[in-house]
Amino acid sequence: MMVKKLKMLPVLFALMFLVMPTFHGEEMHDTNSSEVKEIASKLSMEGHSEHELATCSTKNRYYEEIAEMLNEGYTDEEVLAEYEAMYGEQGLRAPKTTGFSIFAWTIPFLVLGVGSTVFFMRVKRHVIDEGTKEENGTNARTEESQDDPEDEVIRAIIEEEKRKHF
Amino acid sequence: MHIIGNVSIYLAFFLSIYAFVAFVLGIKKQDQRLIDSGKGATMGIFILASISMTLMFYLLGTSQLQFQYVYQYSSTDLPIIYKLAALWAGNAGSLLLWTFFLAMYSAMVAFSKKMKRNPMTPYIVSILMLNVIFFYLILSFVTQPFTLMDGVPPEGRGLNPMLQDPGMIFHPVTLYLGYVGLAVPFAFAIASLIVKNMDAFWIQMTRRWTIIAWAFLTLGNVIGGYWAYMELGWGGYWAWDPVENASFMPWLTVTAYLHSVMIQERKNMLKIWNLSLIILSYSLTLFGTFLVRSGVLTSVHAFGETNLGAYFLVFMAFMVLLSMYVLMSRYHLIKQDTGQFESFVSKESSFLVNNLIILGATFAVFWGTVFPLVSEAVTGNKVTVGVPFFNTVMSPILLALLFIMAICPLIAWQRSSLKNIRDNFLIPAIISLVIAGIVVAMGIRDAYPVISFSIISFMVLTHLVEFIRGTKARRKVTKEAYPVALVRLMIRSRRRYGGYIVHLGIALIAFGIVGSNFDIERMETLRIGESMDIDRYTLTYEALDQRSDGVNDVVYANILVEKDGKNLGYIQPERMFYLNWEEPSTEVAVRSTLREDLYVVLSAWEEDQRATFQVKINPLVKWIWVGSYVLIIGAIFAIWGGRYGQVSPRYAGPERKVH
Numbered sequence: 001m002m003v004k005k006l007k008m009l010p011v012l013f014a015l016m017f018l019v020m021p022t023f024h025g026e027e028m029h030d031t032n033s034s035e036v037k038e039i040a041s042k043l044s045m046e047g048h049s050e051h052e053l054a055t056c057s058t059k060n061r062y063y064e065e066i067a068e069m070l071n072e073g074y075t076d077e078e079v080l081a082e083y084e085a086m087y088g089e090q091g092l093r094a095p096k097t098t099g100f101s102i103f104a105w106t107i108p109f110l111v112l113g114v115g116s117t118v119f120f121m122r123v124k125r126h127v128i129d130e131g132t133k134e135e136n137g138t139n140a141r142t143e144e145s146q147d148d149p150e151d152e153v154i155r156a157i158i159e160e161e162k163r164k165h166f
Numbered sequence: 167m168h169i170i171g172n173v174s175i176y177l178a179f180f181l182s183i184y185a186f187v188a189f190v191l192g193i194k195k196q197d198q199r200l201i202d203s204g205k206g207a208t209m210g211i212f213i214l215a216s217i218s219m220t221l222m223f224y225l226l227g228t229s230q231l232q233f234q235y236v237y238q239y240s241s242t243d244l245p246i247i248y249k250l251a252a253l254w255a256g257n258a259g260s261l262l263l264w265t266f267f268l269a270m271y272s273a274m275v276a277f278s279k280k281m282k283r284n285p286m287t288p289y290i291v292s293i294l295m296l297n298v299i300f301f302y303l304i305l306s307f308v309t310q311p312f313t314l315m316d317g318v319p320p321e322g323r324g325l326n327p328m329l330q331d332p333g334m335i336f337h338p339v340t341l342y343l344g345y346v347g348l349a350v351p352f353a354f355a356i357a358s359l360i361v362k363n364m365d366a367f368w369i370q371m372t373r374r375w376t377i378i379a380w381a382f383l384t385l386g387n388v389i390g391g392y393w394a395y396m397e398l399g400w401g402g403y404w405a406w407d408p409v410e411n412a413s414f415m416p417w418l419t420v421t422a423y424l425h426s427v428m429i430q431e432r433k434n435m436l437k438i439w440n441l442s443l444i445i446l447s448y449s450l451t452l453f454g455t456f457l458v459r460s461g462v463l464t465s466v467h468a469f470g471e472t473n474l475g476a477y478f479l480v481f482m483a484f485m486v487l488l489s490m491y492v493l494m495s496r497y498h499l500i501k502q503d504t505g506q507f508e509s510f511v512s513k514e515s516s517f518l519v520n521n522l523i524i525l526g527a528t529f530a531v532f533w534g535t536v537f538p539l540v541s542e543a544v545t546g547n548k549v550t551v552g553v554p555f556f557n558t559v560m561s562p563i564l565l566a567l568l569f570i571m572a573i574c575p576l577i578a579w580q581r582s583s584l585k586n587i588r589d590n591f592l593i594p595a596i597i598s599l600v601i602a603g604i605v606v607a608m609g610i611r612d613a614y615p616v617i618s619f620s621i622i623s624f625m626v627l628t629h630l631v632e633f634i635r636g637t638k639a640r641r642k643v644t645k646e647a648y649p650v651a652l653v654r655l656m657i658r659s660r661r662r663y664g665g666y667i668v669h670l671g672i673a674l675i676a677f678g679i680v681g682s683n684f685d686i687e688r689m690e691t692l693r694i695g696e697s698m699d700i701d702r703y704t705l706t707y708e709a710l711d712q713r714s715d716g717v718n719d720v721v722y723a724n725i726l727v728e729k730d731g732k733n734l735g736y737i738q739p740e741r742m743f744y745l746n747w748e749e750p751s752t753e754v755a756v757r758s759t760l761r762e763d764l765y766v767v768l769s770a771w772e773e774d775q776r777a778t779f780q781v782k783i784n785p786l787v788k789w790i791w792v793g794s795y796v797l798i799i800g801a802i803f804a805i806w807g808g809r810y811g812q813v814s815p816r817y818a819g820p821e822r823k824v825h
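Sequence order for the protein chains is A and U. Numbered by the numbering used here, the letters in the first sequence go through residues 1 to 166 in order. Numbered by the numbering used here, the letters in the second sequence go through residues 167 to 825 in order.
Calculated from the structure, these hints are not laboratory results. A portion of the hints provided could be inaccurate.
[As the list claims (entries may be wrong)] Calculated cross-link-like contacts (lysine-lysine; reagent style DSBU-like; alpha-carbon spacing at most 35 Å):
no. : chain 1 : residue 1 : chain 2 : residue 2
1   : U       : 501       : A       : 124
2   : A       : 37        : U       : 729
3   : U       : 585       : U       : 433
4   : U       : 362       : U       : 195
5   : U       : 788       : U       : 729
6   : U       : 645       : U       : 585
7   : U       : 548       : A       : 42
8   : U       : 585       : A       : 124
Since this is a predicted model, take the numbers as computed values, not measurements.
The shape of chain A in the complex, shown without the other chains (with noise of 0.2 Å):
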C-alpha cells in the first residue's frame, strides 16, 4: 500500500506542477484586471485620473505600479493606504469619510433635509389653516381634483375661442 502511495509520489508532483502555474497565473494582476482598475478608481493619480490610459504615461505608471502591488500580496487597503502615505488625502480621488472630510459628504444632505423640513413646516401650518377654515365652513369646496382633462380640454377649447372673436 505504502510503495503504491510512492509511487504515485511524481505523479502528484507533475501534477502539482501543472496545477501551480494556472492558481499562480490567476493571481497575477496586470493594466486589464479588474482588481487593478477599481483601486485605480480610487485614487486622482496626480490629477490624471480623467485621462485615458492609452495616451497618458502617468496614468500608466500607476496601472502597472498597482499591478505589480497586488502582485506582491498587497491588499486593496494596503494599495490605497500606500499612495495616501505618499501624496497625503489629495492622492484620493474623492475625499475620505473621517475628519474634516465628513463634511463634503454630510453637508449636502444636511442642507437638503434642513430644507425640507422648512418645506414640511410651512406646507403643514397652511394646510392646517385651510382645514381649520373648512371645518367652520368658512372654506367649503369640493375634494374634486382640479385637474380634470375633460375640463381642461374645454377651457382651452373656450379660450381659443375667446381669442378668435374678441
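Once you've looked at the hints, dock chain U against the given chain A.
The following block gives chain U in isolation, referenced to the frame of chain A:
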C-alpha cells in the same frame, strides 16, 4: 486696423457709461429725450461690438500675426473655420464674444416691439448696461483683444489641436448665448422690483428669453459633453470637472425656475422664491466665469491662470448685493396677495419639492466644487473631489428628482384625491415594477441601476398616460380622430406638452447615463494579423499606415471589426502629428449604435508594427445624444409660435412718464 479695433472698444465703453447715466437721469427727471438718447447709445454699442467682432474675424481669417491675439491662438496653416473659431479660444476674444451677445440682447430689449411704451424698459436696459460697462471695462483695460506685437512673427503659435474640433465652433457660442441670455430675465426681475411691479408680468415677458437661454445652456452642455466624449483626456462626456460644474449649476437653477414660475403665474405663489432663483442663476453664470478664468481650481477646460477671476468675483458680489438690497426693500410688497398651499399632495407642492431637490443638487455640486478650497482654508490639507464623490452624492438626489418628474404631471392643482392618484399611477407603477424584475432577470443585481431603470420607465409611462388622457378628453369633446386630437391638444398647450417632451428627453438621457456605467475596457498589444476579443466583438489588427492631412501627418491603424462572427467593416483609430504643435493628438474611432459604442484608441506602436490599443464598450451612450435632441425639440416646441399677447403690468409705484 488696431486703431479701429481699440477705438471700437473704448468708444463702446464710454458709450455704455453714457447710456447708463442717460437712463438713470432720464428716469429721475422723467425726461423722454434722455431715455431715447440712452436707447440710441445702446444701439451704438451693439454696432461697435459688431465692428469689433467683424474686425477680429477678419484679423484671424487673414492671419494678421502682428496682433498678439492672432499670434497666440492661430497659425497660417490652420483651416479657415478654426482660424475664425479661435476668436473664442482665448480670454480676450471669448470676452469680446460675450460682450457682443450682451450688447445684442440689450439692443433687442431696448427696441423690442413688446416693450414699446413700457415704463420698465429704461430700468431693464440700464441694468443690462451695468453688465456691458463691466465687460467693456475688462476689454479696455485688463485683457485687450487688439494689442499689437513688437514685430511680425513668421508664424503663429497655432490653436491647441484638442480645440480643432467641430465642438469648438458650437460649444462656446451656445454656452455663451445661454449664459448671457440669463442676464435678460435677471434685468427684468430687478427692474420689476424697482418699479414695484409685483405681478407675474416680468415672468410672462421673459418666458421665451428664459427658455431660449435654458435651451442654449442645455445645447452648450450637451455639445461639450459629446466633444469631451470624443476627445481623449477630458474624462468622457461628464467628469464633474469644476468648469463642467460651473455650467451645470445655472442650468439646474434655471430648470427649477422654469417650473416654479408656473406656480406664480397660476397661483400667485413663490414670488420671492422665483426672484431669488433668477438672481441665483445669473450670479452662478458670473461664478462660473470666475472659476473658468481665475485658475483657483484645476480644470482641463479652464483658460489658465489669470487675474480676471478677481474682477468677476468683485462684480458678482456687487450685483448680488444690489439684487439683495432691492429684493429686501420690496419684501413687504411681494408678500402681499401671495397665494397659499392647500394640500401636501398637489401640483404646487410637488413643484416645490422638485425645486427643493434641484436646489439641493445645485448646492451639492457647488459644495463639491469648492470643497478643496474650503478644506485647504480650514485644515491646510488639500483634497481631491472627483467623480466618485459626485456620483455617490448626486445619484440619490437625481434619482429623487426623476421620481418627482414622474409624478408631477399627474398630480392635480390645489389638491389631489386618492382616486386621482390611484387612477393615474397604478398601471405605470405596476409596469415599472415588472421592468425592474426584467432588469434583475437580465443579471443586473446592483440596487442603483435596477432602481434607476425602474424610475425612468415610471417617468416615461406617467408622461405617456398624460398624453393619452389629454387626447381622449379632447376627442370626447371634439369628436376628432385620435392623431388629430393629439396634435391639436399639443399645439393648443405648447408650453405644457413641450415641457413633457423635454421630460422624455431627460428620461432618455438618464437611460443612457445609467447604461454607460456598465462599460468594459481592455488594453492590448497586437501584432499585425492578431485579434483581440472584447464582449461579443472580435477586433483584428490588419495594418498600420501613414497619410498626410494638409501639413500634418496622420498615423492610423486598420482594424477589422466582427460581432458574433458577423463582419461589421473597418475602423481606423489614428494619431495626428502637427507641424506647429509639439503634442500629437489622438483621434478615437467610434462605432456607435443604440445598443453600445465600440470605442477604439490607438495608444502606441513599435518599429516592428506591434501596436497597443485601448478598446471600450460603452453601452447605451447614444441615448444620451438622442435624448438631447428630444429635449431641444421639446424646448423649441414649447416656445414656437405660441400666443403670448400683450401683457399689461400693474405698478404699485408712482406714475412714470418715460418708457
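How the hints compare with the structure:
1. U:501 to A:124: Given that 35 Å is the threshold and the Cα spacing comes to 19 Å, the pair holds.
2. A:37 to U:729: Roughly 25 Å between the alpha carbons, so the hint for residue 37 of chain A and residue 729 of chain U holds.
3. U:585 to U:433: Holds: residue 585 of chain U and residue 433 of chain U sit about 24 Å apart, inside 35 Å.
4. U:362 to U:195: 18 Å, holds
5. U:788 to U:729: 18 Å, holds
6. U:645 to U:585: 27 Å, holds
7. U:548 to A:42: Holds, at roughly 16 Å.
8. U:585 to A:124: Measuring from Cα to Cα gives roughly 22 Å; hence the hint holds.
Going down the numbered hints, you'll see the structure goes against none, and every one checks out.
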